[in-house]
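Given chain G, work out where chain S should sit, using these hints.
There are 2 protein chains.
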Amino acid sequence: MRTAYHEQLDSLTSQLGEMCGLAGSAMERATQALLQADLVLAEQVISDHEQISALSVRAEESAFVLLALQAPVAGDLRSVVSSIQIVADVDRMGALALHVAKIARRRHPQHVLPEEVNGYFAEMGRVAVELGNAAQEVLITRDPEKAARIQEEDDAMDDLHRHLFTVLMDREWKHGVTAAVDVTLLSRFYERFADHAVEVARRVIFQVTGTYPTEEQIPTPR
Amino acid sequence: MRTAYHEQLDSLTSQLGEMCGLAGSAMERATQALLQADLVLAEQVISDHEQISALSVRAEESAFVLLALQAPVAGDLRSVVSSIQIVADVDRMGALALHVAKIARRRHPQHVLPEEVNGYFAEMGRVAVELGNAAQEVLITRDPEKAARIQEEDDAMDDLHRHLFTVLMDREWKHGVTAAVDVTLLSRFYERFADHAVEVARRVIFQVTGTYPTEEQIPTPR
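Protein sequences appear in the order of chains G and S.
Each residue of the first sequence is one higher than the one before, starting from 1 at the first, in full-length UniProt numbering.
Each residue of the second sequence is one higher than the one before, starting from 1 at the first, in full-length UniProt numbering.
In short, the hints are calculated from the structure, not lab data.
Treat each hint with caution, since some may be false.
[To be verified] Residues from chain G that face chain S, not an exhaustive set, calculated with beta carbons under 7 Å:
1. L67
2. A71
3. L77
4. A88
5. L168
6. W173
7. A180
8. V181
[What the hints assert, rightly or not] Footprint (simulated), chain G over chain S, 3 or more residues, beta carbon under 8 Å:
9. 65-71
10. 173-179
[Claimed, not checked] Label pairs and their calculated CB-CB ranges:
11. E43(G) <-> L39(S): 42 to 52 Å
12. G119(G) <-> A54(S): 33 to 43 Å
13. H175(S) <-> E116(G): 18 to 28 Å
14. D155(G) <-> M169(S): 27 to 37 Å
15. G119(G) <-> H6(S): 53 to 63 Å
16. E7(S) <-> H6(G): 31 to 41 Å
17. H111(G) <-> T209(S): 43 to 53 Å
18. A148(G) <-> T209(S): 33 to 43 Å
19. Y5(S) <-> S47(G): 36 to 46 Å
20. N118(S) <-> H175(G): 19 to 29 Å
21. G75(G) <-> G210(S): 20 to 30 Å
22. L69(S) <-> E61(G): 20 to 30 Å
23. A122(G) <-> A68(S): 43 to 53 Å
24. T209(S) <-> Q51(G): 18 to 28 Å
Virtual Cβ for every residue (Gly too), placed ideally from N, Cα, C.
Next up, chain G with everything else stripped away, as it sits in the complex (with noise of 0.2 Å):
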């Protein structure tokens, strides 16, 4: 029974790793459509969450039966309920991605983005993307390592977002307050979303060490 237990443990981390690229290569072409007021790769965006959504539906229930039927205790339990928890972070990162896909369709067949600030999209795109990977690989190989890598490319998602308050903010706006709500919006999008990836780090670090990294190593995404 127990290697059947670990069997199905296994499948549920490839399930959420599963989902994590699926995050991540969403809000890849959801940062596309944005970029090139593409609305096909929009509606694809759009439409393929349905997968993560189905995904994440699976995910729980995998969880819910293991502990019903196999009843872990310690370790194993901890990997089960840490489980349960980073569905909801990366089915989240699934539904921020709709959101921007969503907003580059909204604008159609206008651009949302006024070019002076298409560099930081590209670039919290490109972060993003890395952040689902990363996550997946932390996931599959649960090393502590590799989730304080994480917190590395959550400080670059942040600095891109600080950076973009100031391109609104502290310079002359040129491009209205449509612009300026849609931009502040979008940042806080790919913001959330690293922040989503980072707690998927924490809960991996919970499972293998049994205790929260300190603020520290990994801050509490806020």
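For chain S alone, coordinates are given in the frame of chain G:
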């Protein structure tokens, strides 16, 4: 043992309810701080946030101990798993109140809001408190009808959120980009606060019935 178990589960539910109440009153005070540029109140929300975080940790631990020592099954297992998920939502409600307080503090001694939108935020604050109280009540009573009523409050919040965007975008906004950015973020924080309260209600319905409400009964917050 069953009695001890149910006492522990009741105590966990009370902890979650208490967290909802605290999150609601944090949002109430954050709203006052915002509307009156009240630094003392903003600081109070910020320092009190520790209390919600501590309760989150305690509630998670209680749920973990319940799983480890009692290995509940069926409906009881569902209750504990839902509780773990609910902790994350209520913790986030507290964090969103914290965000509002921090914006009030950042702009002090100035008012964050142009007078024209004060009414919207006063109303959003009022709805947020009702949502906190309603979520608490739903947790304690486990009444699906009360849970469905949370949806009405959330609809009210969504309306306010949409109207605010109309004010920002469709009319002549005369208050500059900084105020527009603040209003955008703040409005988003209140909307998310409401979404998490709805999510708590959905989880309670799942606890009671074993299935999530349909989209018509309580739509998934996105």
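Hints, verified against the model:
Below 7 Å, beta-carbon pairs count as interface contacts, and L67(G) has one with chain S at about 6 Å; its hint therefore holds. Interface restraint check for A71(G): the shortest CB-CB distance to chain S comes to about 4 Å, inside 7 Å, so the restraint holds. Evaluation of the L77(G) hint against chain S yields a held restraint, the C-beta minimum of about 6 Å falling below 7 Å. With a cut of 7 Å, the hint placing A88(G) at the interface with chain S holds, because the nearest CB-to-CB distance is about 6 Å.
With 7 Å as the threshold, the beta carbon of L168(G) comes within range of chain S, its nearest partner Cβ sitting at about 6 Å, so the hint holds. For the restraint placing W173(G) at the interface with chain S, the shortest Cβ-Cβ distance is roughly 5 Å, inside the 7 Å limit, so the hint holds. With 7 Å as the threshold, the beta carbon of A180(G) comes within range of chain S, its nearest partner Cβ sitting at about 5 Å, so the hint holds. Residue-level restraint check for V181(G) holds (minimum Cβ-Cβ distance to chain S is 5 Å; threshold 7 Å).
Under a criterion of three residues with beta carbons nearer than 8 Å to beta carbons of chain G, the stated coverage of the segment 65-71 of chain S is upheld, 3 such residues being counted. Coverage of the segment 173-179 of chain S by chain G holds [criterion: at least 3 residues with CB-CB distance below 8 Å; count 3]. For E43(G) and L39(S), the Cβ-Cβ distance of about 47 Å falls inside the hinted range of 42 to 52 Å, so the restraint holds. Checked against the given bound of 33 to 43 Å, the beta carbons of G119(G) and A54(S), roughly 42 Å apart, stay inside it.
Under the hint 18 to 28 Å, the C-beta atoms of H175(S) and E116(G), about 22 Å apart, fit the expected range. Our hint of 27 to 37 Å for D155(G) and M169(S) holds, since their Cβ atoms are close to 33 Å apart. About 58 Å separates the C-beta atoms of G119(G) and H6(S), a value consistent with the hinted range of 53 to 63 Å. Checked against the hint of 31 to 41 Å, the C-beta distance between E7(S) and H6(G) comes to roughly 34 Å, which is consistent with it.
Look at H111(G) against T209(S): about 46 Å separates their beta carbons, and that is inside 43 to 53 Å. Distance hint check for A148(G) and T209(S): the Cβ-Cβ separation is about 41 Å, which falls inside the suggested range of 33 to 43 Å. Between Y5(S) and S47(G) the C-beta distance comes to about 45 Å, which sits within the given range of 36 to 46 Å. Between N118(S) and H175(G) the beta carbon distance is about 27 Å. The supplied range of 19 to 29 Å therefore holds.
Evaluation of the 20 to 30 Å hint for G75(G) and G210(S) yields a pass: the beta carbon distance comes to about 29 Å. A hinted range of 20 to 30 Å holds for the C-beta pair L69(S) and E61(G), which are about 24 Å apart. Taken as a hint, the range 43 to 53 Å holds for the pair A122(G) and A68(S), whose Cβ atoms sit roughly 47 Å apart. Distance hint for T209(S) and Q51(G): a CB-CB separation of about 26 Å, consistent with the stated range 18 to 28 Å.
Taken one by one, the earlier hints all hold for this structure without exception.
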